[in-house]
Amino acid sequence: MRNLTVGRVVTYAVLVVAALAVIFPVYYVIAGSIMSPGQISSYPPDLFPHGIFTGNYEGASSSGTPIGRQYLNSILQTSIITLSQLITSVLAAYAFVFMKMWGRTVLFGLFLATLMVPWESIVLPNYLTITGWELGGERLTASYAGTMIALVLPFLANAFGVFLLRQSFLQFPVELRDAATIDGAGHWRFLTRILVPLNKPALMAVGLYVFLAAWNQFFWPLLIGDSAERRTLQIGISQLNDAEAADPGLILAGVTLSILPTLAIVIFGQRFIVRGLTAGAIR
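Residue 105 in this note's numbering sits at position 105 of the sequence shown; the count goes up by one each step and never skips.
If you anchor each label on the Cβ, the simulated ranges turn out as follows: (1) 113 with 87: 18 to 28 Å; (2) 61 with 198: 37 to 47 Å; (3) 38 with 198: 53 to 63 Å; (4) 79 with 99: 28 to 38 Å; (5) 72 with 160: 20 to 30 Å.
Worth flagging that the hints you see were computed from the coordinates, not collected in a lab. Heads up, the beta-carbon is just placed ideally off N, CA and C, and yes, glycines get one too.
Go ahead and model the full structure; you've got the sequences and the hints to work with.
Here you go:
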């Protein structure tokens with residue numbers, strides 16, 4: 001019993017240390033964003049703000065980098081990508097599970113194989129294809145709307161969401177599907193009224209994963225955006241670093257704006273992520 005107690009104490013101590021190592025950088029970014037320049041540059045460094053200094057946020061918003069516009073760009077881009085991948089993943093996963101077709105297993109294997117294609121190998125073909133297309137006689141990058149289309153177009157569908165939802169749909173009792181068919185429920189009614197409501201954890205897990213991946217994109221928005229107003233918040237933070245390297249408070253303010261949505265999603269959606277990722281582990 002004594003050994004068990006000591007083991008628990010050691011385990012909790014290790015977990016506390018690991019948690020502090022993960023949480024401290026996030027805490028210092030948020031705390032540093034409301035510190036004055038003198039407090040940030042003090043030695044030894046202050047770990048707690050002496051008050052709320054809003055000059056960092058004011059300086060970031062009034063700098064040459066359009067942080068506000070880029071923040072809206074990130075929200076719009078992430079929302080479109082998340083909603084689109086949820087829709088396409090649900091429909092594709094349903095087809096792979098409940099619709100009989102020739103070569104379904106082979107087709108799913110080929111579809112899943114796209115996950116092994118490195119993004120770096122297709123970024124140039126995507127760029128050449130998108131910039132070469134024309135809508136209404138104008139190139140996609142010639143207007144803000146066109147730039148937003150270019151930002152989201154390569155990410156409207158992804159095999160990971162299809163795989164995860166397919167594994168979740170495979171756990172659905174066959175008897176309920178047969179009962180719905182006997183009651184006259186077609187594919188669309190069965191999908192929207194029965195299957196989707198019963199698989200909310202998996203849907204939430206896919207949505208959170210896609211949101212985090214889309215929100216943190218850097219290279220593609222940097223490549224496709226032709227001006228600061230048409231890029232995303234992650235690009236704006238790097239521009240703050242280049243333009244205001246002597247004032248880390250502005251950088252911390254920009255990073256805080258960037259991590260707040262993802263931090264809130266991880267905190268409130270953690271249980272959905274765990275339940276969704278383990279939905280297909282046991283049959």
